[in-house]
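Protein chains in written order, with numbering that gives the first Met the number 0: chain A, 0 to 654; chain B, 0 to 264.
Hints are computed from structural coordinates only; laboratory data are not their basis.
Mixed in with the good hints, there may be bad ones.
[As the list claims (entries may be wrong)] To give an idea of the interface, some chain B residues facing chain A are shown, with a C-beta separation under 10 Å as derived from the structure:
1. I102
2. I106
3. E107
4. E225
[Unchecked claim] Computed, partial: chain A to chain B, Cβ under 7 Å:
5. Y100
6. A432
7. M440
8. L491
[What the hints assert, rightly or not] Label pairs and their in silico Cβ distance ranges:
9. B:P181 to A:L83: 21 to 29 Å
10. B:I177 to A:D32: 23 to 31 Å
11. B:A154 to A:N220: 53 to 61 Å
Note that CB positions come from ideal geometry on N, CA and C, so glycine has one too.
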Amino acid sequence: MTAAAAPPALAFEGVDVTYRVGDTDRRILRGLDLTIAPGEAYGLVGESGCGKSTAAFAAVRYLARGGRVSRGRILIDGQDIAGLSPRALRHLRSHKVAMVYQDPARALNPSIRIGRQMAEMFEVSEGLTGKPALDRAAQMLARVQIANPERVITAYPHELSGGMQQRVVIAMALSISPALLILDEPTTALDATVEAEIVELIKALRHEFATALLFISHNLNLIARTCERVGVLYAGELVEEGPTEAIIQHPRHPYTVGLLRSAPKAGVRKTTARLETIPGFPPPAGAEVTGCIFTDRCPIATDRCRREAPPMADLGGRLSRCHYPDEAADIPHTTTRPNGEKGKPTRRQGKGSTLLLSAANLSKTFLIGGKTLHAVNDISLDLHTGETLGIVGESGSGKSTLARLIVGLTSPSSGTISIDGEPLAATVRRRLARQLNKLQMVFQNPGAALNRSQTIRRIIGRSGAASEDRLQTLARSVRLADSSLSQKPRQLSGGMQQRVAIARAFAGEPQIVICDEPTSALDVSVQAAILNLLADLQAERGVSYLFISHDLNVVHYLADRIAVLYLGRLVEIGPTEAIFSGPRHPYTEALLSAADPDRARLKGDPPSPTDPPPGCAFQTRCPRKIGRICEDQEPELIDAGGGHAIRCHIPTQDL
Amino acid sequence: MKRSPTLIAGLAILAIWVIAAIAGRHLAPQDPYADDLLHTLAPPSAAHWFGTDQLGRDVFSRVIVGARDILIVTPLATLLGVVAGTMLGLITGYLRGAFDATISRAIEAMQAVPLVIVALLALAAVGTSNLTVILVIGLVFMPLIGRTVRTVVLAEADLDYVAAAQLRGDGPLKIMFIEILPNVLPLVLVEATVRFGYAIFFVASLSFLGFGIQPPSADWGLAIAENYSLIGSYWWVVMFDVLATASLVLGVNLTADGLQTVFER
Chain A
0 MTAAAAPPAL AFEGVDVTYR VGDTDRRILR GLDLTIAPGE AYGLVGESGC GKSTAAFAAV
60 RYLARGGRVS RGRILIDGQD IAGLSPRALR HLRSHKVAMV YQDPARALNP SIRIGRQMAE
120 MFEVSEGLTG KPALDRAAQM LARVQIANPE RVITAYPHEL SGGMQQRVVI AMALSISPAL
180 LILDEPTTAL DATVEAEIVE LIKALRHEFA TALLFISHNL NLIARTCERV GVLYAGELVE
240 EGPTEAIIQH PRHPYTVGLL RSAPKAGVRK TTARLETIPG FPPPAGAEVT GCIFTDRCPI
300 ATDRCRREAP PMADLGGRLS RCHYPDEAAD IPHTTTRPNG EKGKPTRRQG KGSTLLLSAA
360 NLSKTFLIGG KTLHAVNDIS LDLHTGETLG IVGESGSGKS TLARLIVGLT SPSSGTISID
420 GEPLAATVRR RLARQLNKLQ MVFQNPGAAL NRSQTIRRII GRSGAASEDR LQTLARSVRL
480 ADSSLSQKPR QLSGGMQQRV AIARAFAGEP QIVICDEPTS ALDVSVQAAI LNLLADLQAE
540 RGVSYLFISH DLNVVHYLAD RIAVLYLGRL VEIGPTEAIF SGPRHPYTEA LLSAADPDRA
600 RLKGDPPSPT DPPPGCAFQT RCPRKIGRIC EDQEPELIDA GGGHAIRCHI PTQDL
Chain B
0 MKRSPTLIAG LAILAIWVIA AIAGRHLAPQ DPYADDLLHT LAPPSAAHWF GTDQLGRDVF
60 SRVIVGARDI LIVTPLATLL GVVAGTMLGL ITGYLRGAFD ATISRAIEAM QAVPLVIVAL
120 LALAAVGTSN LTVILVIGLV FMPLIGRTVR TVVLAEADLD YVAAAQLRGD GPLKIMFIEI
180 LPNVLPLVLV EATVRFGYAI FFVASLSFLG FGIQPPSADW GLAIAENYSL IGSYWWVVMF
240 DVLATASLVL GVNLTADGLQ TVFER
């Protein structure tokens, strides 16, 4: 603290947080030191289990049962929060600090209208009641760029989309004009286009309200777009801190380097490079480690690192907890960059191979509260041997329903599916064993996809790996330790669980594996390893993938062809290069630009699938709408050459 | 597993009565069935700790021996109800459809009538014996347990591990009994203990009404029925049987509570 004028908005001074589990204390935060100046935006980044959320809860003295600050002090606006009386604590939470959580649906009371919930904030903070409080609520909603606050005020939370809900939560948080706003993964539950909007909103509001920000995220790019300074948390310890730009461009801690490199980047394909990963696992929660906490996973660790824990070293305006901060920047890449020569080559599949799976005019309608929902609307696609077809779309686009239709977990309202020219029955129960064998699935959430009462051996074994030999070969091919076989799913990390799920899918030697967001529940470094594994298995076995994801970079890495879905409609399909180089559908364009801060952004939320707009499904949000024709007439899928087709009224050459 | 004082207390009470049920004849200080017409309705004393009844029989000995029939009938009835109810819950919860709808409506209709009435009617029709009491209570419990299990099965069936089992071609039986059943067993166990406590109360009521355990058993409910008119002057002929019944129910309920906290952890 240099300026004596104002105390920092938030200061952690050597804070340990321990949780009591059974009879032992586990240290979740280890000597956390950080200071956020008034009005400053500070990003805290780290993978799941590193203690980010614990830090957030500790800051408002709201730790879960069994947790306590066992060492150090936490100061908000210069005030030590440990000594606050219940009354003072309430004042702190109602006037100085506000928090926004990951899932807005759970932060709002489902049975109270938005206006009423917001009015409560003004009752507590300003003593307003009745009409004036409601008016203030409407004003706040307008400030978070909600177009028609009067309507939203009378709505119940479930009547709003996820993005709108999060805006309401942010409006509520800001309504007390807090000195400090804590955002805990505020966009993780939202679609990419909505996320981009929320991030813009946060940036704009920050300047308007002059509030300090603690932005917690697993995504460094998001933090880069909103924060001036960033701290990298690993296993409860701050390992690096400094100006965002400097940390991202020139990381000086090996963990930050690994974190930055493991995210798939635009332009990187499975055909040219493997993704870099951080080997090994973080230490178990609360484990006490001698030496540097990152040693076991560090590519440049020496004996010194194992012996003595590095102190936080000042590198001139930035800090790094590493003995060799200068070497960290020059850690050699473990795999090839595009056009490089190291790393494992992957076989190029795709063109010239034979047709394997064909879905024709698939539709699925659900009846919800008297309304028909066209979850999947007349979609036709083909999948060839050894090929990966990526399926991209926001939530509600029908991508998961499409996957379930193809594997037969849901029966289509109309349309047909065939494998090797042989038509498939609508549901799993009517399909033959040999047809089932050809088609397997990897699910989004491995925790729910593995039977928690069975051992890994049994889970994989029951799916076709009959002999112990086969079982071990399979386990090894997904890099699963033999010792894991006798464990239960909950004893494994999320990444390991997903490996088990992949081994299970491959146990019966399938020809097609449908992957439904297989990495979206996982950390970036784990995601990279899983994507590498999927690419390797494909190269070894020539299996085809139908790969569903909302993350374009992930799809770009793995897919040979991409299909883009919007409101149950196929709006574009074509080879990956063609889609990324253009011409492309305005919606695809918007998806691409969502990840890019400099490009134009999509306004508004997707319309409700039960109530799609007439004409082109995308016309309500389309930045390139050409006129009446878009509202009146649904465009055809127009061939753009080379297997590339776009559903848009705008002539292909102009897209 | 954490130690739960509740569980330990419950199990201790249960253990006492189980020992009494198994070895009651040897533990009883006097012959529980021997009349002593010279000492009828004697108050509690050193010779007769709990006093004597209308026929001069030792109440303490009868309370010990009286544990036997109820501890044969109620566990078996509960077991029958739990096994049948779990199957019913698995089938209705996993297969859904018309079968589930029919069964569910039938259960709701049945719940509108007090269960004791249903059981009384059934027992009046088939005649009363330990075996028929077991069957009737088991069948009356089946739909109640089935409903509870069904709710959990519905949630389990939505999890992707069930989808994965379908995708490898497992039939409904395999999925219900190999995949889903182990995950609902903790709930079934807790449900069983709760039902067990209720069964004790239920059988005691039936015995009191003359449709449960039959004479000459020293059963508690039966003893209460035989003696309750005397309670004004001779409280001991009823009170100790009441306390015995209550303590058994308490023991079972404590066990149920304890198990629940242990499973929740």
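Closest C-beta approach of B:E225 to chain A relative to 10 Å, hint status: 49 Å, violated
Measuring from beta carbon to beta carbon, are B:P181 and A:L83 in 21 to 29 Å? With Cβ atoms ~48 Å apart, the hint is violated.
Classify the hint on B:I102 as holds or violated, based on whether any CB of chain A lies nearer than 10 Å to its CB. 21 Å, violated
Proposed interface contact between A:A432 and chain B, which counts if any beta carbon pair is under 7 Å: Hint on A:A432: holds, closest Cβ of chain B at ~5 Å, below 7 Å.
For the hint on A:M440, just tell me whether its beta-carbon gets within less than 7 Å of chain B. Because about 6 Å separates A:M440 from the closest Cβ in chain B, which is inside the 7 Å limit, the hint holds.
Quick one, is the A:L491 hint okay against chain B at 7 Å, beta carbons? Violated: closest Cβ of chain B sits about 14 Å from A:L491, beyond 7 Å.
Using the nearest Cβ pair, does B:I106 come within less than 10 Å of chain A? 26 Å, violated
Should the interface hint for A:Y100 be scored as holding, given a Cβ-Cβ cut-off of 7 Å against chain B? Not OK, violated: A:Y100 not within 7 Å of chain B, min 24 Å.
Assessment of proposed distance window 23 to 31 Å (beta carbons of B:I177, A:D32): 53 Å, violated
Residue hint B:E107, partner chain A, criterion CB-CB below 10 Å: 24 Å, violated
So the hint says 53 to 61 Å: do the beta-carbon atoms of B:A154 and A:N220 match that? Check failed, 36 Å falls outside 53 to 61 Å.
Of the hints listed earlier, those the structure fails to meet are numbers 1, 2, 3, 4, 5, 8, 9, 10 and 11, in rising order.
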